[in-house]
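**Student:** Fit chain B to the given chain A structure using the hints.
There are 2 protein chains.
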Amino acid sequence: MRYRGFGLWAAILLGLLQLPVAHAGEGMWPLSNLPVATLKQRFGFSPSAQWIEHVQLASVRLAEGCSGSFVSPHGLVLSNHHCAVECLEGLSRPGHNLMASDFYAATRNEELKCPAMEVEQIVQQRNVTAAVNHATRGKTGAAYAAALRAVTSRLESACVGSDAHRWRCQVVPLYHGGQDWLYKYRRYQDVRLVFVPSQATSFFGGYPDNFNYPRYDFDLSVLRVYVHGKPADTPDYFRIAAHGPRAGELVFTSGNPGATERDDTIAQLETLRYPVFPKLLQYLGHQQGLLEAYSAESRHNADIASGTLFFMDNAIKSIDGQLAALNDARPFARKVKAEAALRAKVAANASLKRRYGGAWSAIAAAERRGRSLFLPYWFIVRHAGFNAHLFNIAFSIVLGAHERTLPEGERISSYRAANLPQLEQELFSPAPVHPHYDALMLSSSLTMMRNLLGSDAPISVALFAHASPQQRAEQAVFGTKLASIAVRKALWSGGEQAVVASHDPMIVLAREMLPFYLKFHKTYEDEVTAPVEANTAKIARLRFALYGTSIYPDATFTERVSYGVVKGWVRDGKLVPPFTTIGGLYRHARSYAPLQLSPRWLAARHTLDPKTPMNFVSSNDIVGGNSGSPVIDRQGRLVGLIFDGNPPSLGGAFWYDGEKNRAVSVDSAAILAALKHVYHADALVQELTTGH
Amino acid sequence: MRYRGFGLWAAILLGLLQLPVAHAGEGMWPLSNLPVATLKQRFGFSPSAQWIEHVQLASVRLAEGCSGSFVSPHGLVLSNHHCAVECLEGLSRPGHNLMASDFYAATRNEELKCPAMEVEQIVQQRNVTAAVNHATRGKTGAAYAAALRAVTSRLESACVGSDAHRWRCQVVPLYHGGQDWLYKYRRYQDVRLVFVPSQATSFFGGYPDNFNYPRYDFDLSVLRVYVHGKPADTPDYFRIAAHGPRAGELVFTSGNPGATERDDTIAQLETLRYPVFPKLLQYLGHQQGLLEAYSAESRHNADIASGTLFFMDNAIKSIDGQLAALNDARPFARKVKAEAALRAKVAANASLKRRYGGAWSAIAAAERRGRSLFLPYWFIVRHAGFNAHLFNIAFSIVLGAHERTLPEGERISSYRAANLPQLEQELFSPAPVHPHYDALMLSSSLTMMRNLLGSDAPISVALFAHASPQQRAEQAVFGTKLASIAVRKALWSGGEQAVVASHDPMIVLAREMLPFYLKFHKTYEDEVTAPVEANTAKIARLRFALYGTSIYPDATFTERVSYGVVKGWVRDGKLVPPFTTIGGLYRHARSYAPLQLSPRWLAARHTLDPKTPMNFVSSNDIVGGNSGSPVIDRQGRLVGLIFDGNPPSLGGAFWYDGEKNRAVSVDSAAILAALKHVYHADALVQELTTGH
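Respectively, the protein sequence lines represent chains A and B. The opening position of the first sequence corresponds to residue 1 in the working numbering, with each subsequent residue numbered one higher. The opening position of the second sequence corresponds to residue 1001 in the working numbering, with each subsequent residue numbered one higher.
Hints are computed from structural coordinates only; laboratory data are not their basis. Keep in mind that this is a model prediction, so the values were computed, not measured. Some clues are possibly wrong.
[Stated by the list, open to error] Some residues of chain A that are not near chain B, with every Cβ distance over 12 Å (derived): (1) 273; (2) 274; (3) 280.
[As the list claims (entries may be wrong)] Lysine-lysine pairs mimicking DSBU-like chemistry, simulated, CA-CA at most 30 Å apart: (4) B:1522 / A:574; (5) A:611 / A:337; (6) A:279 / B:1574; (7) B:1279 / A:660; (8) B:1574 / A:519; (9) B:1139 / B:1522; (10) B:1519 / A:279; (11) B:1337 / A:522; (12) B:1519 / B:1139; (13) A:279 / B:1660; (14) B:1522 / A:345; (15) A:337 / B:1337; (16) A:574 / B:1519; (17) A:574 / B:1279; (18) A:279 / B:1139; (19) A:337 / B:1345; (20) B:1279 / A:337.
Beta carbons: idealized from backbone N, C-alpha and C, even for Gly.
Chain A with its partners taken away, still in its complex shape (with noise of 0.2 Å):
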């Protein structure tokens, strides 16, 4: 399973990380950017006009985090099961847990509306590059900060016009600003469950096959976007191709890959090799234990844990098979290789020079500041050492009131006016606290914290003045008044004044913690976050100047085309054949999960052909946010469901390595004959064979 979006780890990564290598079949391409003559070359393929605009309005993204793709023309949309896993919880009831089980609609009046789901689909793009530079040109520091929010926010608004339930429009800087485009997306935001397996055969293998080959896997689910309670029309799907790819096919995926950071230096990458990704595989390793046990306490607190256990699982083999990249001798030569070559050239010509020589530099500096405060940044600003959903409801209130004391450009970004919904409306969400559970967490972190900055560290000072951290966790926990959503509002809307008269133990906690938080936040964003940022920019925009867009830009959660070929790859020296079967998934099957058949399966065993294609793996560069990405042939046929990548593609992050990057999909004939065989959902069938 991939991230799907930008949450907690993803911010981390994005938040630390950033030369890419013209490697022949790589590459996240905008869809006004082919690589025309390289398919022509290579595979004797020219894509029409028809071709990029029918792929670009058959293709969605799923705000949360994921792609998508119409596969009929009434609305119909294919993504992955784990793409629509807040739609299944926020649908579940007692007794009716949309995980557990398969859901099928077998009429329009059977589907479900997801309590929260956005699909978006790219209807327009606009080089605006122009625009931009213009209202910037000349500028430096806060005026050029807010000259570049003035016209975005121009070009936005006049973009989305009056209607802005229907449109999103969104300002994207491609190349770190080399280019800004102006993306106007249709906005579908009443989105219904058409079909779900569950999720026993959608992560069918769990923890152990996940970013992993070969694998037997049914991650899809199929959606319905409605316009006015009907059906939207969307004219523009890809039809699902009754047999899979070939083996040596050219195949094309169509999404919105989520961050890369290709054109991190070297100095990045090795603050990322050391201490960051061990530190964290330590860290979470150690939650992950904390949560085993706990759940094995009892099924109710395995219930609590759950969640959080399965993000820990995805979150800690994410980060080993990066760092396991990171420490693949031979592609991080490439990469210093490369960085040299770069360096060498700007190093001879003194324009380039003046005006790019000392970025490597600076970035290797601020890096090393970033390593030193890597612990306290960690473990204070990104809250690690106060990891307990009580304590975040805590702090938000204590760090909202004083951010809304400041002026607005001042603010951090989720207490600005315009985000100010979003966050109340997760202060006050009536999810169900349960304090055992927030007690062991909290202590758990605090007390890792306090381990790790030390007893002298002058917030283990502050803190533990008088009291442990487990003294400190269960204090606050178990006297909190913060599980009342009147209790939160109160002190919300009483701000600054409302804190500093609070006793509640969780608020006082929150307020000691405050100018620890602000010092570090500030010192990182200065020191670390801010030179890193700007020299990455101009070495981008280096790059940009050399290459032009022969290159392709870091991905940006927007629309993107790879295109790949059917193969498997070696490992160990041996070759990982690229098609598993139904057959192998039958034989891979155990009595116990994560490896338990549902019945429904079992029963249909003998009705399934062993030898249909089950999963395939090609060489599309893909990253987080492909999720649900639809793989299609020249023909534009919808061929597979990109769901996963290869151990490999996980140092997708930091470059592409033809040799063993592999993109993970269900086969469509796989889709089409479970759907038929195992689920007899015949009419679904039908409508994506047909279009009726």
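**Tutor:** Below, chain B without anything else, positioned relative to chain A:
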């Protein structure tokens, strides 16, 4: 707290690890080869033959992995509290926990005999290189090993003579076989407890302060060795100095550093840097979290887990520091440069090239193999996937039954005849069994093994064909009869036949695991350990051929002297002063563990001079095994007691960095002041200061 010995973790590190760079100040020198020229030149100090002999005879080692010294003519031994833990645990009874309280025997009658403890004094050292070389000359492979075993055995037997209870003799290869020495030890097996503070005082500051500085620990134990029921005569002893050392003063440590890996090649260090240490930290972090949550459930659980958790904490901190050292660019680059220089020297000389040229690439190839085998080796051979007491019992029975069918020379070493008594002692130990704890540990470790090796790994297919890791763990733990020592004895004496016939589910699990253990044990031995050891020895012999005894040999848990100067170091641009004071101890204290002072220390506050030095750091080169080493001045007076190292000193396994590596000691002034004013141990103070 340093590693005290050669347990599982030390074995892992040794099993996987090995050019020293001659730094002024570094070195763990055998008494036969002190760096007298350097000492004279730099410090104007020439140790006399009497000085050296006195140091030898006044120093002792504790058989389980520590060092110590005689501190009175009547057998009084000074070591660390953490070196006496087994004794303290063995002497504790319900309601009388010697870890939680202090102990002082005001009279000899009150001294308590430690159940199993041995103190060894080195009385003779003889260079037997010629004899060993003569016996093995011209032999290779198995013939070489047999000849080496025979000559070693002959030399040791002749040395011991008829009184094996009184003497222990050991042939020790220095310089990885460049020299062989026969060391003769006087054994003292009647060791009695005279004084210990509580663990809260000896390990004051706990986890966050461990391997850290400033420190305020009173980590000492006072023991006495007896002969024929009377205190031993020990005319060679160190007189404790009323005042500890001055800043800048030359001081010596005398002790038994356990193992260093300074002859390791870069390829070996790279293996530790990744994957070994990051994966160990992730695994240990997981175990730590698991035990933390388990302990939080109840006091009963906390008691069961505390020993293991304490050990995990120490292991994590130690590996964390070693990983930090390996990621410290400057010393690593120095090591890379030194290796390149040595290889260039070899390449430039046809004779050297022929004999030694291939060593580095042979090691690099073995290391690559080792990296690819790391996970199965760790989970299967090192039992990380089978981490439960009851499984260990079952596996010793199953492996023991198999090994005892083999000729002596082909057995795994712990199953050779000479080692069976120790193994049987452990196997038939009445140590309590905790089934729920074992079920959690076994379930967690089997699951992690399956998760990281994969569901398709042969061992997963074999062990988990019909039951999940958790199911197998629970079936085995709750179904086994191995809690009964009689059942263990019957299976052990029944040998392979009894094992094959057994339906005990833990024996069945161990039996199914055995072929994988044997396979990976052999593969790892043959393809990793053997070529690495053979080629490491080759490089060591090259260095010995080039430099002779002008360099010091890697540590071998035998008597070594290091010299150093009392001084602080610069951390993050700030000087860490060399001394802490008793006043600092009181200021560092809090109302909760691990910063809580005992009532005795609280009561004594106003009788103690707050300016008295408590702990100090010095540049002496030490590693694990040096715990309890005396720090002595030029006059041979005991001015301090080694108990730990600062964080950079954890890199001491790989190199010595004189700018940063520091040993941490208890100041002799603090020892005397606390014994007098806190513990009112007047008779002990008198014996320490007057010898009577």
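**Student:** To test your reading of the hints: which numbers does this structure violate?
**Tutor:** 1, 2, 3, 5, 10, 11, 14 and 18
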